[in-house]
Amino acid sequence: MQYLVDGLLIGCVYGLAAMGMTLIWGVMDVINLAHGIMITLGSFGVYLLATSLGMNPYLALIIAGAVGLLAGMGIYKIAIQKVLDTSHLSTLLATFSVNMILLGLATQAFSTNPRSLDIDLGSITIGSVTVQVTRLLAALVSVLIAAGLTLFLKRTTPGKYIRAITDNRAAAELVGIPSQRMLAFSFGLGTLLAVMAGGLIATFFPFTVLSGDAYQLKSFVIVVLGGLGNPIGALLGGLVLGVLEGILPAFMSTSWVPVIEFVLFVVILLFKPTGLFGVKK
Amino acid sequence: MNVLQVSGVTKKFGGLKALTNVTFDMPEGQVLGVIGPNGAGKTTLFNVINGIFHPEEGRIVFREQDVTGMRPDRLARLGLARTHQIVRPLNELTVRENVMAGACFGREDHGLKAAGAIADEVLEFVGLADHSRQLASSLNIAEKKRLEMARALAARPYLLLRDEVLAGLDLAEIAIMITAIRQIRARGVSIIIIEHVMQAIMQVSDRLIVLDYGQQIAEGKPEDGMQDSRVIEAYLGNPELAKKLMGSELDDGAA
Amino acid sequence: MRPKPLLRRVVILLIILSLAACSRPGEEQQALPENELRAVIGFTVSKTGSLNVESTRQTNGLELWIKQINEAGGIKLKDGRVVKFEAKFYDDESQKDRVQQLYTRLAIKDNAAFLVSPYSSGLADAAAVVAEQYSKIMITTGAASDSTYQRGFSMVYQVYSPASRYLTGAVDLLKAGDPAARRIAIIHENDKFSTDVANAVKAYAVDLGYEVVFFEGYDTGTSDFAPFINKIESSSPDAILGGGHFQDGTTFAKQLYEKQVAVKMVALLVAPPEDSFVEIGDAAQGIIGPSQWEPQVNFTAEGAAKQNLSYFGPSSAEFIAGYQALFQEAPTYHAAGGYAAGLILQQAIESTGSLDTVQIKAALDQMNIMTFFGHILFDTHPDSHGLQVGHSMVYIQWQGDPSLSLEKEVIWPLEGATAELVYPLR
Amino acid sequence: MSLRRAPGFWLLLAVTLAIGLLPIVTGNPMVRETLYTIYLAIALAGSLNIILGYTGYISFGHVVFFGLGGYVGLYLISSFNTSIWLAILAGGVAAGLLAFLLGSAILRLRGAYFALATIGINEAMRAFVNNFPPFGGPTGISLHFSVYQPYGGATQALWLDYGILVALTLASILLSYLVKSSKFGLGLMAIREDEDAAEVMGIHTTQSKTWAYLLSAIIPGMLGVLYYFKNSSIEPSDAFNLASSIELLVMVMLGGSGTVLGPVIGAAGYEILRGYLLLSRLFRDIQLTVSGLLLLLVVLFIPQGAVGWLTRRYPRLRQVII
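Protein chains in written order, with my numbering: chain A, 1 to 281; chain B, 1 to 255; chain C, 1 to 426; chain D, 1 to 322.
Hints in this document: simulated from the structure, not taken from any laboratory.
Incorrect hints may have been included.
[Claimed, not checked] Per the computed footprint, the stretches of chain A lying under chain D, defined by three or more beta-carbons under 8 Å from a beta-carbon of chain D, are:
| # | region |
| --- | --- |
| 1 | 151 to 162 |
| 2 | 182 to 195 |
[Unchecked claim] With a Cα cut of at most 30 Å, we get these calculated DSS-like pairs of lysine-lysine:
| # | chain 1 | residue 1 | chain 2 | residue 2 |
| --- | --- | --- | --- | --- |
| 3 | B | K221 | B | K12 |
| 4 | C | K84 | C | K109 |
| 5 | C | K361 | C | K78 |
| 6 | B | K17 | A | K272 |
| 7 | C | K88 | C | K76 |
| 8 | C | K88 | C | K78 |
| 9 | B | K221 | D | K183 |
| 10 | C | K361 | C | K76 |
| 11 | A | K77 | A | K154 |
| 12 | C | K175 | C | K88 |
| 13 | B | K12 | A | K272 |
| 14 | C | K259 | C | K306 |
| 15 | C | K361 | C | K88 |
| 16 | A | K82 | B | K17 |
| 17 | D | K183 | B | K144 |
[As the list claims (entries may be wrong)] From the structure, some residues in chain D lie toward chain A, with a derived Cβ separation under 7 Å:
| # | residue |
| --- | --- |
| 18 | I58 |
| 19 | S104 |
| 20 | Y113 |
| 21 | A171 |
| 22 | L288 |
| 23 | L300 |
Just so it is clear, CB atoms sit at the ideal spot from N, CA and C, and this is done for glycine as well.
Just chain A, with the same shape it has in the complex (with noise of 0.2 Å):
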């Protein structure tokens, strides 16, 4: 049982993380290979905030978003908007070179020795349950913003937009809809699920410089297994892997879970390419 809710609450963060992938993706047929290191620097932004300014670090993220917002909107104009329908080639390598800069940058900025939030909330214990605060804590503000981005998407206006662009960008241009502007938004809003995400993962993780990477690989299981650009479906997709990473361990040696995991993630995108939830082609 105790493996159950562990994967739970850390499959949230990690479908919080994949959503900003799979809205990218999704939008704009984009494979963001400069998640990882927007992860990162997430984490890195709410640890500066929280240390250097002593702010409370849930406030901290709000305020790490929006400039991961309006990061990644700066990020789609200078390097992916020339690209966007070359080939898939040059958007990956835009991306990638996206990754390499800021990875530099990073590296030079904070070397790569690990940092970590010493938030201690302590832990609840319900029944043979013990859940840490953090955790759990983490793990609500991802299902907030998940609501809140579906909300979002359903609901607004610029959601109906980034919908329409979704489902036929051509079509959607034609009736009228500043395609540019909000291509660069929901750029900007992958941006910004990331950095939250990174900042969520701060509260309970060490991380360095390099840890973006691991949880870029991870996104990519979980937007296959969520269903390509469908926001709920990352949540459901991370949900999925974090039960995975908590109840395998169960029953084989913990090294081999990569392996089923990497293993499943070519099975669904061989012969479900729609995802568990599907939607989107």
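Since the structure of chain A is already known, use the hints to place chains B, C and D on it.
Same frame as chain A, but now just chains B, C and D:
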């Protein structure tokens, strides 16, 4: 010998019946016109014949061989070539390479050198010889259509499926195309044509099939096919309007 | 569309410029007084990549030794010339791809007199091949795994205690602290060094009659240890031994504390001896860690004399003061290891009075000295040549009241201990 | 464009051979080591180009063949003491087999999905090898120094290793040219341009793609054996390193994918640049950022790569440059 026999072919997409019980035979060397309003299932028929879609019911026999459910590339190697309604040139390859590809992988499976010779000859035939070194992407729409035809011809097919090659061409280009079709036929290649340009299809086809909502509503010589009221109704919608128009049109004698 | 081609031309120009610039990386040469010799010590450091922290500290230790030896006027050789030292290093990006290329460059172009290994066993293996091939003596520090010395190299000498003796002391500690304890859980990161340590301590513990109730590896870069800890907990061990490198060690310790796992002793690799380990707060209390060297441990001339060993080099206090002055932070065992590598070369050169590789190699083979870093003795048996058999590990434990401040106390070996073992840890 | 009348190709082959023999003639190991990384990159990029440049399939995790070849080769050498030649062959066959088995499955996917599937395979292989005892699990395989004896000691062995590498690089350029100028190559390029139209034209797409994937895997498998034999040890995180796989993509892109000359120039240019940035005092600390910046400039302004840009700018060159 019949080059193609389509019997009882039905194709369903989920609930939608795209084709219902389409049956016709096609003797060798014949030019068969397929007409019908948009969405009647013409292109779907082509996609079923050349193996892209597999019919739920019915059989397709190509030169006495049952090819139902065969993959498009194997059909192409048996001598069935096709052009697409929306042109699909190989953009980053030169015009000559495009046609060479057709020759290489068509019925006669030529080596590169032989394919090059065939390509030059076919390009001459369709009048694209001077563009042969250019990239396919640099051609205009009419030239791209001719490129598609050249690519299909280079494969030396027994049966050529032409999907709206004349759409969007002006009268002069249509005339050229009609003579080209006649010359192809003279070489013993059977052709099935889908067109909306009525006078062209009338002049060229030996026989006509009319499709509407996936059903075969008429078959026969081009002249008598046109009179059949169901054909007109299929094209023009409700019968009364058809009658009124029919009345005025016949007086003017416009074909 | 005027601007576009212009922009493109600028970009091409930029690339060609940077390519051309690489044809003449300037090397400036200082003038040398006539009877002075400058010996180059070559190595690579991980400026980027995961090993950046430990590798930089190791370089600091070596550079401190070079600065001190040069300021003291270098070493007088038998032939009257005086040799001073210069460090020459490149960034290996914590990756093996370029290690061999860079070490060949050090051996040939920079004509390094002696080589020092990069940080981590994997990279040291790749560098050892080059050292052996150009018969350059290489002192390895920060490369603990035993396998490097079982591969027939003759020019490679290890400063660190090998992986196989990293955690054995912890088992002795457990035996001394709680003879009743029987159940041990062993965990390790899935990498060369940690797996060597885990296998060695498992064999050692089984010999002493302990029951190894849990033995498993975890993927490098794991950050969520919850499932792993749940499994350990279900095997209800008395003690947990093992670990990996710094980041996973700290994460594991923090989550072990969060999940309030009932265990009496925890000994983790690499992480606990680091001063920043205490950042995880209460979770650090009672955690034991093996270390190659600690400031509190002081091996003295008297102690050396008792074991009829000659003491060489500065005392611990002098080393710490020197390091503190230059780098404004207390030295860790990586820094001490870097300094010790220099010290070993110094002793060999002084005793032979020459830079000749054969003589230096002979000196190293029968070197048996005590230094601030500990006892230095190399195994000369052909199939484990260069293995460090003299130096023994030092074990520290974070003790004290977590709400106030935790102190790093040396608890093993007993003759160097500054405090009693706290058992059980909380 | 048959073999005899292709001046561009013979010129490229001659130049690569000449530069390759330079260190052997001068006997300078330092030049050999620098050229080693460059020629390894050229051979790998040339092979990747067959599936990436000609067929348009973005093989992200192409390093999996390099790593698997290395592991199989070193396993044979360390356990059965086989000769380097047999090990290289085995490495190539193993990589080819993996490509063939996987090919038929993942080649059904297109575009980004295929790219992700190759990442998945690379990571799955790394995790598997990490738990596979015969391959030494996390500690990997390390060779005893005496393994170089039959080749006349380490120095000779490394020269032999380099010689084989130059030969394999030339082979990869030859293979790349043969594929591009063959009917099979034309079919691949048709698949790249429009796979559905290619199928309708009569190209057996699955078979051609699988063959292209296989051809693009064999040489990397062999190169893996060479590289890890020289390093005398191999570890999982090292052998299946995704970052170096993405670097291969960058090289092909930099040079110009879909051409024979492109990957050669791209690989050489990239390695020289990285080598320079690593060693120069000025850029040493921020070399990662500078490489990233240069890559971004290339992706934005010269997407068709150096060769593509040249042939667009000077169409007359198209006959000469292949």
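Comparing the hints with the structure gives:
{"no.": "1", "hint": "151 to 162", "result": "violated (count 0)"}
{"no.": "2", "hint": "182 to 195", "result": "violated (count 0)"}
{"no.": "3", "hint": "K221(B) <-> K12(B)", "result": "holds, 29 Å"}
{"no.": "4", "hint": "K84(C) <-> K109(C)", "result": "holds, 19 Å"}
{"no.": "5", "hint": "K361(C) <-> K78(C)", "result": "holds, 17 Å"}
{"no.": "6", "hint": "K17(B) <-> K272(A)", "result": "holds, 26 Å"}
{"no.": "7", "hint": "K88(C) <-> K76(C)", "result": "holds, 22 Å"}
{"no.": "8", "hint": "K88(C) <-> K78(C)", "result": "holds, 26 Å"}
{"no.": "9", "hint": "K221(B) <-> K183(D)", "result": "violated, 43 Å"}
{"no.": "10", "hint": "K361(C) <-> K76(C)", "result": "holds, 19 Å"}
{"no.": "11", "hint": "K77(A) <-> K154(A)", "result": "holds, 26 Å"}
{"no.": "12", "hint": "K175(C) <-> K88(C)", "result": "violated, 46 Å"}
{"no.": "13", "hint": "K12(B) <-> K272(A)", "result": "holds, 23 Å"}
{"no.": "14", "hint": "K259(C) <-> K306(C)", "result": "violated, 47 Å"}
{"no.": "15", "hint": "K361(C) <-> K88(C)", "result": "holds, 22 Å"}
{"no.": "16", "hint": "K82(A) <-> K17(B)", "result": "violated, 43 Å"}
{"no.": "17", "hint": "K183(D) <-> K144(B)", "result": "holds, 23 Å"}
{"no.": "18", "hint": "I58", "result": "holds, 6 Å"}
{"no.": "19", "hint": "S104", "result": "violated, 11 Å"}
{"no.": "20", "hint": "Y113", "result": "holds, 6 Å"}
{"no.": "21", "hint": "A171", "result": "violated, 25 Å"}
{"no.": "22", "hint": "L288", "result": "holds, 3 Å"}
{"no.": "23", "hint": "L300", "result": "holds, 5 Å"}
Hints 1, 2, 9, 12, 14, 16, 19, 21, counting from the list given before, are not met by this structure.
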